[in-house]
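Each chain, written out:
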Amino acid sequence: MTKRRPISRPPLFIYIGAMFGVVYICLPLVSLLRNISWGSLLSQLTDGPTLSALRLSLVTSVAATVLALILGLPLAWVLARVPFRGNYLVRAFVMLPMVLPPVVGGVALLAAYGKSNGLLGALLFDSFGVQLTFSPIGVVIAEAFVALPFLVMAVEGGLRAIDSRYEELASTMGANEAKKFYLVTLRLLRPSLVAGIAVAWARALGEFGATITFAGNIQGRTQTTPLAVYLLLESDPQAAYSLSFVLLVVCVLVLISMRDRWLGSKR
Amino acid sequence: MTLRLDGSVNLGTFTLKCEMASENEIIAITGPNGVGKTTLLRVLAGLVKLTSGSLVIDDQIIDDAATDEFVPAHQRNVSMVFQNETLLPFLTVRDNIAFPLRMSGMSRSQSLDLASDSISSHGISKFANLLPRELSGGQSQRVALIRAFIRQPKLVLFDEPLSALDEKARPELRNFLREQMSAVTGYKFLVTHDRQDVEQICDREIRLE
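If you're matching them up, the sequences are chains A and B in order.
The letter at position 208 of the first sequence is residue 208 when you use the working numbering, and the numbering goes up by one with no holes.
The letter at position 38 of the second sequence is residue 38 when you use the working numbering, and the numbering goes up by one with no holes.
Source of the hints: derived by calculation from the structure; they are not laboratory data.
Every residue gets a Cβ at the ideal spot worked out from N, C-alpha and C, and that includes glycine.
Treat the hints with care, since some could be wrong.
BS3-like mimics (lysine-lysine), calculated; alpha carbons at most 30 angstroms apart, straight line [claimed, not checked]:
1. B:154 <-> B:49
2. B:168 <-> B:126
3. B:154 <-> A:179
4. A:179 <-> B:49
Ranges of calculated distance between the beta carbons of each label pair, as one might list FRET restraints [said to hold, decoys possible]:
5. B:136 <-> A:164: 22 to 30 angstroms
6. A:10 <-> B:178: 56 to 64 angstroms
7. A:47 <-> B:105: 57 to 65 angstroms
8. A:164 <-> B:152: 25 to 33 angstroms
9. A:163 <-> B:199: 49 to 57 angstroms
10. A:163 <-> B:105: 25 to 33 angstroms
The shape of chain B in the complex, shown without the other chains (with noise of 0.2 angstroms):
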């Protein structure tokens, strides 16, 4: 089982080669800013076109300039996490969490059913009803990871999940994080500046220069 992917977008051009032996390796992604991690995490997610080249997942071809071959976004089974603000401002925890669900076709009571169970499991039954406004980052980041995690993704992309979190709140997060990313099987990219995540989290990892 592989990922490949050898192209460009028009805001800068990455050949990323990675064939992955292994598909529950986790893959960090380090770099200088602007050298277009996020814009790799979003060619893979189906939220930006290639401009030429290709993405193969699993020998399925996901996004071919040169045919326009092209799976959207809401059909590649991806799971993203971004710095902050990942939770839409206007549904409840337990909304949030069940919204991939519903998505997925599930009916309204059985995702919110699921939502309770997974709230509850994870202890922040308290929350359940909160709006994302009233949490705090380190609070909200870790519900947007709940719910990232919520049905089985095939691609898990995080944009520094971790690095708007105050000190005191990271190791708690990086943990869950680790044991949330090991669990998946699939492919599971992190971009981070953090050596720790790097090295606790992180299998191998893949420099944009």
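Chain A with its partners taken away, still in its complex shape (with noise of 0.2 angstroms):
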């Protein structure tokens, strides 16, 4: 479907404002670019402390993209096609992280995962020793929080989208309830749940405020990449730079992905 476009030509106004928008924007990346020891880009990013910040970020923000799978998946399943009461109330919940400071959230954490006196995080060290905080599961677990929602919200917009003509016909052709999950929903759904990984991971790669507040800033153990940077431009601002150019080009690369859904070329 094509719009219709305006004939006329919006203000001079509008079109002063939206420069400002880009540059507003671009300003700072680019300047970013221009803070970069290209020379030394390499050897920077392979230094112990940044090495392991981003081996740490790579693991733990994959792990959390893989939990939020798990539960985001069937989550966004019964908010999109289980009508119940209250529906709406769950859904304000799931999403909440998203606008929820994330040092709030990772407060909330605490006082859930805690070892001393979390609701649930005393019981797991009273009977298991298990502690979650200050461990890179604590890192997954914050990461995974706030990226949760970033999940929900694709898969069950992907799933409201999907014409379910197409799953009733896959019945009438003989595919039982689990043959129509896995060769037309899933199918259909595919693009949304790529969608929905990409922000998810992109969310949990980026993570800092509940990160630092409930997993702490232990180098080599809980150090994410966004800590490292933080510390990093107090110590060694080329290093904070490299670092920063290495998730703008992951952010950058996500954004390319999803290129025909968010930025609508095409079409």
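Build the complex from these two chains, which are given one at a time in their own frames, with help from the hints.
Here you go:
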């Protein structure tokens, strides 16, 4: 469907405002690039603490995305397809981490999983000696907490957009519930699922507030790339710029991979 | 052999008692918009449960609201074709035609072979590897009809399969529909607005009011 565009041109101040909008976003990003010492970029990124932060970020963000997927897909399914009272309330709670200050999310996670007086954390520690705070698993929990709503939102939207006739057709052609799910629903959901995974992962990768509050900032153990950037800005600004550049590139790649969905190119 | 439906769903009530002497009748379902023609097909297909009454085919209870007996859609051996977008959009023509065969338990290679045979016997080999969006409306409805008859269906449920086609494509596909439907033994329903469909394809007309 092509939308009808107005024929008249917008007034000048619209153009000027739009231009400043673009500059507002781009100026810091371009400045960031300007501050990178390209010659030593690789050596900075492979330096001990930097490399360990990158490695930790990669592992925890992937794990957090998997966790978000395991919890988020069923959740999105229920929200999109199971009519029940209080549906909107559940959705509101699930979406809360999107707008909640991450540090508040971290405090809430401490209240739930903290080892001394966490609602569940104390039980885990007393019964099994398991401590989630200040551990890489804590990083994963914090990242998944903020990433989950992004995944749920994308997948729920995708599920709602699926034409249910295709699923019904599959039934009439002999597909039982399981086959219908794997062969038709998941296949139709794939673009939304990929988009949801991509944004959830990007969000997990960039997580700062909840992570530092809940999992701390222990180098080699819970210090993820954003935390390392923040610290390095004091001690080794060049390394901070290099790490920021990596995060920027990753986010740009995520955005490019979803250009059809978000940027509306083509069609 | 009879099909007997006497029931209602929440959307509206129909008490359709159609006792068919012969399985081979092709029945036209006609009537004004919103009267429940599509709902009737969905009830027969097992996509909607009756809220009261029952559906009995060949003395077997298929759907009974009182006893909660219900044979789900995938066990009814039905073939449905809609006005448009009946093909699974992410499968090629060949894979679409093979889909019901695979669901019936046939191996992937065997089902694809059978689909290929069917494709070439219908003279549409050049479409075999195309996706539905690469076909014209008439072409994709033809593929949908071929798929509908790839395994012998017990219930043929067509919901205005020709109405989205232009005048040029319609007569040819109407002949095709007539041939294919006649060759099937089973209960055959065609929802249509078109008098020519009723007269040229169907043996009997049930008008819903």
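Of all the hints given earlier, name the ones this structure violates by number, lowest first. Of the numbered hints, just 9 does not hold.
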